[in-house]
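Asker: Now for the letters of each chain:
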Amino acid sequence: MERTFLIRHPSVMIFIALLALFTLGATILSEGFGIGLISTSFVKTLGKTLCLCLVAIAMDLVWGYCGILSLGHFAFFGLGGYMIGMWLMYERTKGIVVDQLAAAQLPPTPEEVREAIGAQIFGVVGGSEIPTIWMFADSLIIQLALVVLVPGLLALVFGWLAFRSRVTGVYLSILTQAMTLALSLYLFQNDSGLRGNNGLSGLQNIPGAENISQDVVSVWFLWASALALGAGYLLAAWLVAGKFGNVVRGIRDDEARVRFLGYNVEAYKLVVFTLTAVIAGIAGALYYPQAGIINPAEIAPIASIYLAVWVAIGGRGRLYGAVIGAALVSLLSTWFTSGRAPDIPLGFYTIEWVDWWLVLLGFGFVLVTLFAPQGLGGLVDRLVRNPRAARPQPARPPQSAKEPA
Amino acid sequence: MSSLLEVAGVSVAFDGFKAINDLSFEIGAAELRAIIGPNGAGKTTFMDIVTGKTRPDSGRVDYGEPPASLLRMSESEIARAGIGRKFQRPTVFEQQSVRDNLTMALDNARDPLSVVFYRPFATDMDRVAELAREIGLADQLNRMAGELAHGQKQWLEIGMLLAQDPKLLLVDEPAAGMTLDEREHTTDLLKRAAETRAVIVVEHDMEFVRRLNCKVTVLHEGSVLAEGSIDHVTGHQQVIDVYLGR
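Sequences listed follow chains A and B, in order. 400 is the number that the numbering used here gives to position 400 of the first sequence; each next residue is one higher, with no gaps. 228 is the number that the numbering used here gives to position 228 of the second sequence; each next residue is one higher, with no gaps.
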């Protein structure tokens with residue numbers, strides 16, 4: 001069945017092949033496994049970009065296909081990062097603490113170890129108690145489960161409340177944004193149990209792999225991210241190719257009609273919202289070990305708005321569009337804001353890209369909206385379909401594509 | 001004859017305006033019925049009530065055998081119970097093919113999990129082909145619904161209703177904007193559908209109603225003004241006053 005699915009959807013096969021080629025190429029050029037032409041920090045940037053592409057696919061499913069402009073999916077992304085970050089930080093600190101205490105004459109009791117870990121991690125927010133939410137932080141299995149469960153359950157409860165009240169359109173967007181803002185404000189508090197605005201750090205150090213160089217670890221994560229992106233893309237493509245995709249697109253285009261066909265629209269929205277929140281959580285759990293640090297600012301509403309901008313630039317309702325948008329815009333953003341882009345001296349004024357990048361992005365967004373309303377992915381569509389444009393002309397000009405929201 | 005749908009003493013007001021006022025209405029299991037009335041007579045509100053979009057302030061809406069109240073059911077539950085609705089302007093999924101439109105409407109399991117694992121088996125595809133033939137779109141299955149002509153969209157929507165295999169069909173102004181030929185085709189479709197199920201047609205166009213050749217209910221200010229054959233109601237003095245002779 002999978003094979004016939006791939007044959008009927010060549011774009012999926014092309015994407016998987018390109019992704020594999022890209023990963024292989026990056027590995028060959030990396031310092032860890034190859035000829036060392038690209039730095040380890042750039043390998044990490046590439047790996048992080050793949051994670052951003054994955055969350056963009058989630059955003060495309062929920063917005064481009066189902067018509068729900070969620071401004072909360074980067075919050076789910078961040079929650080996934082926090083969940084894996086707790087294990088990484090706890091176990092790493094435990095390793096350090098045990099080493100330190102090993103010098104003492106008496107072997108440390110488990111209580112002493114716990115206290116020392118608490119002081120290490122929470123000293124920065126003026127505490128030494130390990131909060132209750134860290135109770136499973138020593139178990140990788142449970143924290144991995146939480147990567148999926150925490151964003152999933154939050155999306156399930158939030159979505160259930162919002163959809164059953166028939167909140168739609170811009171009101172739903174505002175509601176999701178409020179959720180995101182509330183979550184990030186809560187995490188900024190020192191007594192939230194997640195180190196307030198310090199966030200979790202040192203996440204690039206993998207417990208149990210301390211002796212392995214970051215050159216190697218970075219390539220592992222690149223592969224893991226590529227695998228997750230490939231799997232996520234396959235799942236999303238398979239979902240939208242079938243009848244489920246038709247129903248979901250139907251909900252986007254005419255919710256009432258789908259309802260009168262007998263479909264429980266709210267249940268479908270809830271499934272899509274929750275599933276994409278889970279995908280976002282997984283993407284976040286792969287992203288933050290490569291970033292090394294997570295703090296509440298990552299979850300701020302602006303991040304979710306960027307996510308929507310990526311998908312809009314890339315092209316809604318096209319999975320590869322979301323990938324193109326996320327990869328292009330996030331890589332450009334990294335380049336412009338890291339100071340690598342040459343400033344432009346105009347004599348009376350110097351354009352510094354760190355400040356002007358957002359202006360450029362906004363300008364680009366306007367250009368795409370005006371000249372490629374289907375996004376960059378829509379341009380790809382036009383290039384690919386042009387040779388066989390001999391489709392029967394419509395009896396009447398088709399109504400211009402209805403833009404959801 | 002036992003009735004399929006019984007609406008009794010239903011009233012609904014919007015901001016004090018009584019859109020439906022103590023309306024009572026019945027239709028049998030295999031019957032074609034036309035509902036006519038001037039603008040604001042409550043025709044669309046009546047459909048909204050039956051399909052669950054609007055909740056009445058008072059009254060009873062019973063459906064099926066044994067009769068069950070529709071007032072506690074959601075729109076999608078009512079649709080699954082066998083009541084299909086065609087909107088006034090053609091609402092088909094324009095960015096999907098005719099085949100996908102019809103497949104989505106087929107009478108299959110509608111919960112997300114079943115739909116995710118749905119495979120278009122031959123029996124379903126045969127049914128889609130048969131429906132397409134019935135509505136005159138057999139050679140258009142692969143076209144985008146948005147590319148169809150206005151009349152074809154109306155038929156596609158009727159086809160989608162038939163695909164649901166409903167017991168009761170509510171059709172809002174099917175002939176609006178159609179050419180004479182298209183109207184004849186539509187009349188045939190509706191008449192054929194009514195051989196095995198109940199069909200309620202809301203229509204403005206008196207000529208079209210005459211062609212349907214069925215019992216007519218005249219609504220006025222939210223309640224039934226007259227009921228009977230087309231000749232009976234067009235001869236009815238009050239009907240002439242409020243509607244025909246306006």
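These are calculated hints, taken from the structure and not from any lab test. These figures come from a predicted structure and were not determined experimentally. Just so you know, not all the hints are guaranteed correct.
What the hints assert, rightly or not - With a cut-off of at most 30 Å between alpha-carbon atoms, the simulated DSS-like pairs for lysine-lysine come out as follows: (1) A:243 with B:53; (2) B:215 with B:53; (3) B:191 with B:53; (4) A:243 with B:215; (5) B:18 with B:215; (6) B:215 with B:191.
Asker: Each of the hints needs a verdict: does it hold here or not?
Answerer: Hint check:
1. A:243 with B:53: Measuring from Cα to Cα gives roughly 25 Å; hence the hint holds.
2. B:215 with B:53: 26 Å, holds
3. B:191 with B:53: 27 Å, holds
4. A:243 with B:215: 39 Å, violated
5. B:18 with B:215: 26 Å, holds
6. B:215 with B:191: Judged against 30 Å, a Cα distance of about 12 Å means the pair holds.
Checked against the numbered hints above, the structure breaks only hint 4 and satisfies the rest.
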